[in-house]
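In case you want the letters, here they are:
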Amino acid sequence: MKAKLTLLLVSIVASVAVLAGCGNDNSGGAGQEFRMNLGAEPPTLDPALMQDQVSSTVMSGLFEGLTRMENGEAVNAMAEDIAVSEDGLKYTVKIRQDAKWSNGDAVTAHDFEYSWKRTLDPNLNPPAPYAYQLYYIKGAEEYNTNAGGTVDQVGVKATDDLTLEIELKNPTPYFKSLLSFYTYYPVNKAVVSANPAWAAEADTYVSNGPFKLSSWAHSDSIDLVPFEDYYDRDSIKLEKVHFVMISDASTESNMYETDELDWSGKPTGSIPVEQLAQLIQDKNPELVSQPQASTYYYNFNNSKKPFNNAKVRKALSMAIDRQAIVDKVSKGNEVPAFAFVPPGIHGVTKDFRDEITTEYFTENADEAKKLLAEGLAEEGMTAMPEFELSYNEGGVHQPVAEAIADMWNKNLGITVKTQTVEWKVFLQNRTSLAYDVARAGWGADYNDPMTYIDMWITGGGNNDTGFSNAEYDALVKEAYSTQDQQARVDAMAKAEQILIGDNMAIMPIFYSSVNTLVKPHVKNVGIDYKGDIDYTRAYIEK
Amino acid sequence: MQPANVESHKGSIDPSKFAKLEKKSNDVVESAPKSRSAGQEILYRLYTNSWAMVSLGILVVIVFFAIFGPHMTAHNYYSNNLDAQNQGPSGDHWFGTDSLGRDIWARAWKGAQISLTIGLVAALADLLIGVLMGGMMGYFGGKVDEILNRFSEVLYAIPYLLVVILVSVVLGSNMWTIILAMTITGWINMSWIVRGQIMQLKNQEYVLAARSMGAGGFHIVLRHLIPNSLGPIIVTLTLSVPSAIFAEAFLSFLGLGVQSPAASWGVMINDAMETWKYYPWQLLFPAGLLTITMLAFNVFGDGLRDAFDPKMKV
Amino acid sequence: MFRYVLRKLVNILLSLFVLATATFFLMKAIPGDPFMQEKNVPAAVRENLIKYYGFDKPLWHQYLIYLKNLLNLDLGMSMRQQYQSVVDIITRSFKYSLQLGVVAIIVSVVVGVAIGLIAALYNRKLIDRLIMLAATVGIAVPNFVLATLGQYYFANKLRWFHVAGLHGPMDYVLPTLALSVLPIAFIARLTRSTMIEVLAADYIRTAKAKGLGSLTILIRHALRNGLLPVVSYVGPMTANIITGSVVVESIFGIAGLGKFFTDSVSNRDYTLIMGITLFYAAILMASRFITDIAYAIIDPRIKISKKGG
Chain A
1 MKAKLTLLLV SIVASVAVLA GCGNDNSGGA GQEFRMNLGA EPPTLDPALM QDQVSSTVMS
61 GLFEGLTRME NGEAVNAMAE DIAVSEDGLK YTVKIRQDAK WSNGDAVTAH DFEYSWKRTL
121 DPNLNPPAPY AYQLYYIKGA EEYNTNAGGT VDQVGVKATD DLTLEIELKN PTPYFKSLLS
181 FYTYYPVNKA VVSANPAWAA EADTYVSNGP FKLSSWAHSD SIDLVPFEDY YDRDSIKLEK
241 VHFVMISDAS TESNMYETDE LDWSGKPTGS IPVEQLAQLI QDKNPELVSQ PQASTYYYNF
301 NNSKKPFNNA KVRKALSMAI DRQAIVDKVS KGNEVPAFAF VPPGIHGVTK DFRDEITTEY
361 FTENADEAKK LLAEGLAEEG MTAMPEFELS YNEGGVHQPV AEAIADMWNK NLGITVKTQT
421 VEWKVFLQNR TSLAYDVARA GWGADYNDPM TYIDMWITGG GNNDTGFSNA EYDALVKEAY
481 STQDQQARVD AMAKAEQILI GDNMAIMPIF YSSVNTLVKP HVKNVGIDYK GDIDYTRAYI
541 EK
Chain B
1001 MQPANVESHK GSIDPSKFAK LEKKSNDVVE SAPKSRSAGQ EILYRLYTNS WAMVSLGILV
1061 VIVFFAIFGP HMTAHNYYSN NLDAQNQGPS GDHWFGTDSL GRDIWARAWK GAQISLTIGL
1121 VAALADLLIG VLMGGMMGYF GGKVDEILNR FSEVLYAIPY LLVVILVSVV LGSNMWTIIL
1181 AMTITGWINM SWIVRGQIMQ LKNQEYVLAA RSMGAGGFHI VLRHLIPNSL GPIIVTLTLS
1241 VPSAIFAEAF LSFLGLGVQS PAASWGVMIN DAMETWKYYP WQLLFPAGLL TITMLAFNVF
1301 GDGLRDAFDP KMKV
Chain C
2001 MFRYVLRKLV NILLSLFVLA TATFFLMKAI PGDPFMQEKN VPAAVRENLI KYYGFDKPLW
2061 HQYLIYLKNL LNLDLGMSMR QQYQSVVDII TRSFKYSLQL GVVAIIVSVV VGVAIGLIAA
2121 LYNRKLIDRL IMLAATVGIA VPNFVLATLG QYYFANKLRW FHVAGLHGPM DYVLPTLALS
2181 VLPIAFIARL TRSTMIEVLA ADYIRTAKAK GLGSLTILIR HALRNGLLPV VSYVGPMTAN
2241 IITGSVVVES IFGIAGLGKF FTDSVSNRDY TLIMGITLFY AAILMASRFI TDIAYAIIDP
2301 RIKISKKGG
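Protein chains in written order, with our numbering: chain A, 1 to 542; chain B, 1001 to 1314; chain C, 2001 to 2309.
Keep in mind that a hint or two might mislead.
As the list claims (entries may be wrong) - In silico BS3-like links for lysine-lysine, alpha-carbon gap of 27 angstroms or less: (1) Lys304/A with Lys370/A; (2) Lys304/A with Lys2039/C; (3) Lys2157/C with Lys542/A; (4) Lys2157/C with Lys1277/B; (5) Lys138/A with Lys2039/C; (6) Lys189/A with Lys169/A; (7) Lys283/A with Lys2157/C; (8) Lys2039/C with Lys530/A.
Everything labelled a hint here was simulated from the structure, so no lab data went into it.
Between the sequences and the hints, there should be enough to build the whole structure, so can you do that?
Okay, structure coming up:
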């Protein structure tokens, strides 16, 4: 009887376990299809509200500004011609006549004016977080911050359907490339003013780029298909771009290995740390690695004893082995950093880092020990107190912190507590200077050293170290006031000398790199200096 | 909703606790008559249960290594050695090394100290609170039940992540705040299981009989109802220790777990999920130790319960 | 009975109100806000955002506004996903979590009870030991390890399943396994533990003596009395599983509610945190209410609607 019962129960278990049928098709991308991982749902596909790389990766296919970047140079896109005045303050832009919106409307200068002013509107619904990217334009900041400016005083005006006049606050040598940035995208005035939530779903979405939004399954996938009336339609070879939203790195890696993805890794995906190390070691041909204009560094709390002392900060910075960190801990083709501005940023004629080769400091454990003792003595201390090195969860933050803490311990004989902190708590602590030493990273907003230099001015919105130096502030001002690139670069190099060489306000660790796995059949996908992807001209060759 | 691996039921298997309950469980109305004193009888039954004895032996060995293991090797658990990363087990590093070249033997036993302490203390706290609250809900019923029930549900539904972040910000991270964060909601599952048991048992003949003889509420709960709910309580406890151990690893991402370079089994297993494809021993040793410990706990727990309850001798 | 249900309903609504209040102040008490990023926005832009969302008002004022909206059944818009309402997000993602959850619950209960019963019937025999061994391993090995290993071997190496997504029936297999191994193991242990006691009880012996068939005894007498702890566990488990598991959803790329909930906390997406919390609590309370009714059905001696004790 027992046996009969058992048989019954076993068969129930078995039938549940078997579940559904079987068979599995791993259909590779059909024809001209490019598949990559966004890692997450884009928070928005509205140019005004964008501020992140996930959104911009999708949007770079959907929208196009007055210029677009090609091999690091800004080339005309929606613009047919851009004339710049002698003083570098006035831009007159002719819009190309054959530019179309995906609903058939013509792209006009009015769309640009409307879009930029909409982004600057302090009462936009909700307000645009990246509005400050437009502050180069005269009157933009005053309008956006309610500082007495009105919308009519903003220096952008459509004088007719195809002519846009832009007035700048300061001469800005890199303004043409800024025009390709997503905050400078146009929106269709008629569509957007009629439906404020136009960017919520695929069926109300109107764009002007090489692709249009064919489907948006929220938090699951996004599909783009070519826009037939795009002026440069002939250059667009892909028939479909398929984005998935997988947050787990090992899942992404499994999908790549089973041919469910053509692209894995940066800018929006990730390759598991150890796997990347293996790929590099094996010289895997599908791994593409290139420098990224992004610096990984530690903030010292310059307002807190003993980190207020430059010698203490220098000692800490000199007592670590950066080469060992990139070779054996972060293991992703990073480059040890001894300055703040990373390679890949333009100087006068060459790369800024190739022009400014000053060695701000060298690693030296013995020297560091001496400096530390001196610094502590200056602060009236006899020994370095135990302090906390904080970082958020994710990436290589923890192993790097553990390695550095161990190096400090061995080379300086000090005790460091490493502490993971929840992301927003971490940000809050950093902004309010409630930390000792904290992880930080900075990627370029635009291709000029200024994107790294002006953040450290006294009271700067991203200066979360408490660093304040009058000479530094003056040099930044000087660089802002001139169009002469040599003078600008000189001023910024002097500023960097103050920041790192004299003060070591922060501790540079390494310059990041972009590591991606690309299937061999994928051709002509571009990655720019800051790691952004351009798949618009890609094609599949099997 | 419980985040990550905190779909948890926490509690612990603590032999001393059962030793106390055991005396009370004798006067449960039942058929088996006894000759020896109850304590001797139970010890004897436990002693003759070879499975339970083997498990006890394993637990003793694990505790022994948790205390002395880290000192048996020349390597400590925190020092990096970037020239000896990811090495397999060898005569020098018995369990191999991790990605920063730290000795896994030392880390695994250091981790045993931390994980077992957290698992057992958090589980014990859950057991005490859970049984007390569940007992009250189930026995008194009515308003008491309604209020405690609602209270536990509200507490259970408050986003756990928010609670953890608040605890970490206000109280900082140490062993006690970790256990506190786990206990705030950890007892609830236990209390619901106990409540259901007691609701069922309290209407059975022997309880009604005890009551008619004038036994008080707490007397009935402690002497009759809880001892007869031991089965589900012990099973719930067996789930509690590992879930507390993994909850700790999860909390460490939010700044409330054991912080590096100290290791715990949960954190070691979590970290190993990055590397197991290439260096399987980094997953195998902590996960294997955890599994063996849990097996021993469970078999021993079953043995204990069997020893308490002579009905089990089918 | 009707009055009983009505009273319960009022109590549940009251609890939801308490929960909303507690969660509101809790989430405002922890550091951070929705607008903090690695790159800070300028102070003036931040001010615009703070004003727009009303965070410049005193906390009690914000609370009253929130309550007012709640009474109008307005959960608001997500602060992270632009132009998406909280209700839309919950509806959309709950659909995925529910589909997967229902399968996982059925599998957990059926398999768990079945193997628990087998173990109880063969108490202390080899098969019992093997089942309990497997169940302990199932409890000791966490679901993120199972999910990761399962995905690698079965989807990547053997290619039996897709790596991620829920697009066909086969896609349910791996996530269901990852979700159900722990509940199966737990339910099996729970069932075994109570069934052993029940099977040894006098009334089962009496029934056997009366010559009733094993199956009848098992189903009519033993299971009834032995399943109560399982029922106690299944109530909250149902609420947990159908509202999604962040681990399983992240690994298998499922756009479910569990992941949204975790993300909403790390993004400090206040409206979404509140929305999902209330939604989850409603399901939890409902499932526990049903559990109580199930008690009374399983064991008529349990009186749920009258004062006990």
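Hints, verified against the model:
1. A distance of roughly 21 angstroms separates the Cα atoms of Lys304/A and Lys370/A; the hinted pair therefore holds under the 27 angstroms criterion.
2. Our distance criterion of 27 angstroms between C-alpha atoms is met by Lys304/A and Lys2039/C, whose separation comes to about 23 angstroms.
3. As the CA atoms of Lys2157/C and Lys542/A are separated by approximately 24 angstroms, the hinted pair is consistent with the 27 angstroms bound.
4. Pair hint Lys2157/C plus Lys1277/B holds up; C-alpha atoms about 12 angstroms apart against a cutoff of 27 angstroms.
5. Our distance criterion of 27 angstroms between C-alpha atoms is met by Lys138/A and Lys2039/C, whose separation comes to about 24 angstroms.
6. Between Lys189/A and Lys169/A the alpha-carbon distance is near 26 angstroms, which keeps this suggested pair within the 27 angstroms criterion.
7. Among the hinted pairs, Lys283/A with Lys2157/C is consistent with the structure: their alpha-carbon atoms are about 22 angstroms apart, no more than 27 angstroms.
8. Distance hint between Lys2039/C and Lys530/A is fulfilled; the C-alpha atoms sit about 15 angstroms from each other, no more than 27 angstroms.
Violated hints: none; the structure is consistent with every hint.
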